[in-house]
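S.K.: Read off the chains here:
Number of protein chains: 2
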Amino acid sequence: MGCYSKDPVQHYPSKLLESAVNEFSRLPGVGRKTALRLVLHLLRQAPADVDRFGNSLMKLRSEVKYCTVCNNITDADVCAICKDTRRDAGLVMVVEDIRDVMAVENTGQYRGLYHILGGILNPMDGIGPEQLNIESLLSRVSSGEVREVIMALSTTMEGDTTVFYLFRKLSPFQLPVTTIARGIAIGGELEYADEVTLGRSILNRTPYENALAR
Amino acid sequence: MGCYSKDPVQHYPSKLLESAVNEFSRLPGVGRKTALRLVLHLLRQAPADVDRFGNSLMKLRSEVKYCTVCNNITDADVCAICKDTRRDAGLVMVVEDIRDVMAVENTGQYRGLYHILGGILNPMDGIGPEQLNIESLLSRVSSGEVREVIMALSTTMEGDTTVFYLFRKLSPFQLPVTTIARGIAIGGELEYADEVTLGRSILNRTPYENALAR
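Chain order of the listed sequences is G and U. Sequential numbering from 2 applies to the first sequence in the numbering used here. Sequential numbering from 2 applies to the second sequence in the numbering used here.
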């Protein structure tokens with residue numbers, strides 16, 4: 002009918018609703034529409050369930066601890082992995098965050114320890130060496146117990162830069178620094194691999210016996 | 002090397018972390034990986050910000066009110082739309098939830114009131130007429146102030162069933178029940194429209210003057 006003008010009243014029918022939507026939409030990858038959907042879902046839950054949700058977040062943030070050895074998230078002072086005497090304390094794998102720890106743990110192929118950087122060098126986002134757990138890595142290595150440092154960071158420009166930076170920082174200790182193998186994924190087809198990966202997989206080819214042992 | 006066995010230790014390095022991930026992954030469309038990403042994001046925020054997030058959810062759930070007239074979410078007893086005397090109280094648009102109210106309000110084309118069902122009939126999910134705000138719609142209509150009821154529900158089988166159910170419930174009151182127009186979207190191309198929509202748009206063709214007025 003075209004005779005009604007655009008109404009500039011409040012967008013949300015309730016201030017409480019609006020503030021909850023605002024909070025949710027601050028999360029990464031959550032837009033305002035998704036936030037509203039999540040909030041409306043919570044409104045349909047029992048108040049006790051929503052209380053438990055809110056409390057678990059606040060409790061996590063205020064009570065969480067970081068392992069004094071590897072910076073992993075933990076409920077104690079030292080995480081379960083660092084505490085495990087059956088693991089090889091001579092191997093330290095450097096990873097970006099605890100999701101990488103969980104991914105590597107799920108392979109069941111690694112029994113050394115970790116060092117969680119808490120990010121990778123990214124000057125554009127203001128993340129320099131001081132923002133990462135690099136000093137604690139160097140002091141772990143300087144203790145003399147570490148035989149090998151394994152770099153397991155993303156193969157992005159930032160990841161490669163971080164590996165290069167750490168490599169230089171670790172060079173005075175004269176111990177092997179390795180990176181996890183880059184190559185064609187198991188089950189991947191050659192024709193769909195990008196040239197850089199394919200090229201590297203040729204340069205870093207492994208003896209057939211090693212491939213068989215996997 | 003294949004010599005390490007799959008380790009069955011805990012999946013998450015912290016119980017606090019695990020419970021926060023569990024809570025997030027209960028939200029619709031949020032899997033465990035996304036939940037972990039969101040929780041790690043919150044861990045990087047200031048504790049005061051996380052407290053505000055948790056509190057806003059708990060406060061919303063415990064203090065939110067539903068409009069006694071239309072069931073819209075509100076901070077008062079009657080929502081701003083129902084309170085607005087400039088709006089036409091003779092028109093009631095039946096919608097599924099408040100997202101639909103917000104969508105219609107954003108068009109600026111409707112100056113009547115709403116009635117929020119709080120869902121649509123869906124026997125598979127256990128949602129029958131008792132779970133929806135149908136009784137309050139009938140009592141609004143029986144007050145005699147309503148001139149027309151406009152159905153604005155999804156064009157799904159459940160939506161159509163709900164409209165049919167409401168139509169039968171409203172028939173004793175002998176007032177016009179309309180549905181919003183279904184047809185080709187503005188900017189939509191005929192060749193990409195499905196046959197049902199295209200067929201309905203032909204059956205429900207409108208005089209050219211009406212189309213011009215929009």
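Incorrect hints may appear among the rest.
[Said to hold, decoys possible] Computed cross-link-like contacts, DSBU-like style, restricted to lysine-lysine with a CA-CA straight-line distance of at most 35 Å: (1) G:34 with U:34; (2) U:16 with U:60; (3) G:34 with G:84; (4) G:34 with U:60; (5) U:66 with G:60; (6) U:34 with G:84.
[As the list claims (entries may be wrong)] A few chain U residues facing chain G, derived, Cβ under 7 Å: (7) 57; (8) 72; (9) 127.
[What the hints assert, rightly or not] Listed below are several chain U residues computed to face chain G (Cβ distance under 7 Å; list not exhaustive): (10) 21; (11) 26; (12) 29; (13) 39; (14) 65; (15) 70; (16) 75; (17) 180; (18) 203; (19) 204; (20) 206; (21) 207; (22) 208.
Rather than coming from a laboratory, the hints here were simulated on the basis of the structure. Built from N, CA and C at the ideal position, the CB exists for glycine as well.
S.K.: Look at each hint and say if it fits the structure.
M.R.: How the hints compare with the structure:
1. The hinted pair formed by residue 34 of chain G and residue 34 of chain U meets the criterion: a straight-line CA distance of about 21 Å does not exceed 35 Å.
2. Distance restraint check for residue 16 of chain U and residue 60 of chain U: the Cα-Cα separation of roughly 25 Å lies within the 35 Å cut-off, and the hinted pair is therefore satisfied.
3. Using a Cα cut-off of 35 Å, the hinted pair residue 34 of chain G and residue 84 of chain G is violated, with the two alpha carbons roughly 44 Å apart.
4. About 21 Å separates the Cα atoms of residue 34 of chain G and residue 60 of chain U, which keeps this hinted pair within 35 Å; it holds.
5. Distance hint between residue 66 of chain U and residue 60 of chain G is fulfilled; the C-alpha atoms sit about 28 Å from each other, no more than 35 Å.
6. Of the supplied pair hints, the one linking residue 34 of chain U and residue 84 of chain G holds, its CA atoms being roughly 26 Å apart against a limit of 35 Å.
7. Because the smallest distance between the Cβ of residue 57 of chain U and any Cβ of chain G comes to about 5 Å, under 7 Å, the interface hint for this residue holds.
8. About 11 Å separates the beta-carbon of residue 72 of chain U from the nearest beta-carbon of chain G, more than 7 Å, and the hint is not met.
9. Restraint check, residue 127 of chain U versus chain G: the minimum CB separation of about 13 Å is more than 7 Å; hint violated.
10. Because the beta carbon of residue 21 of chain U sits about 4 Å from the nearest beta carbon in chain G, less than 7 Å, this interface hint is met.
11. With its C-beta approaching chain G no nearer than about 11 Å, residue 26 of chain U sits outside the 7 Å limit, and its interface hint is violated.
12. A distance limit of 7 Å between C-beta atoms decides the matter here; for residue 29 of chain U the minimum to chain G is near 5 Å, and the interface restraint holds.
13. At about 5 Å, the closest approach between the beta carbon of residue 39 of chain U and any beta carbon in chain G falls short of 7 Å, and the interface hint on this residue holds.
14. At a threshold of 7 Å, the smallest CB-CB gap from residue 65 of chain U to chain G is about 6 Å, leaving the interface hint in force.
15. The interface hint given for residue 70 of chain U is violated, since its Cβ lies 12 Å from the closest Cβ of chain G, which is over the 7 Å cut-off.
16. Annotation: residue 75 of chain U was flagged as interfacial toward chain G, and the flag holds, the nearest CB pair being 5 Å apart, inside 7 Å.
17. Checking residue 180 of chain U against chain G by beta carbon gives a least distance of about 17 Å; that is not within 7 Å, so the hint is violated.
18. Evaluation of the residue 203 of chain U hint against chain G yields a violated restraint, the C-beta minimum of about 23 Å exceeding 7 Å.
19. A hinted interface residue such as residue 204 of chain U counts as satisfied when its beta carbon comes closer than 7 Å to some beta carbon of chain G; here the least separation is about 22 Å, so the hint is violated.
20. Using the Cβ-Cβ criterion of 7 Å, the hint placing residue 206 of chain U at the interface with chain G is not satisfied: the shortest such distance is roughly 18 Å.
21. The beta carbon of residue 207 of chain U is not positioned within 7 Å of any beta carbon in chain G (closest approach about 12 Å), and the interface hint is therefore violated.
22. Given hint, residue 208 of chain U at the interface with chain G, is violated; its Cβ is 14 Å from that chain's nearest Cβ, farther than 7 Å.
Of the numbered hints listed earlier, those contradicted by the structure are 3, 8, 9, 11, 15, 17, 18, 19, 20, 21, 22.
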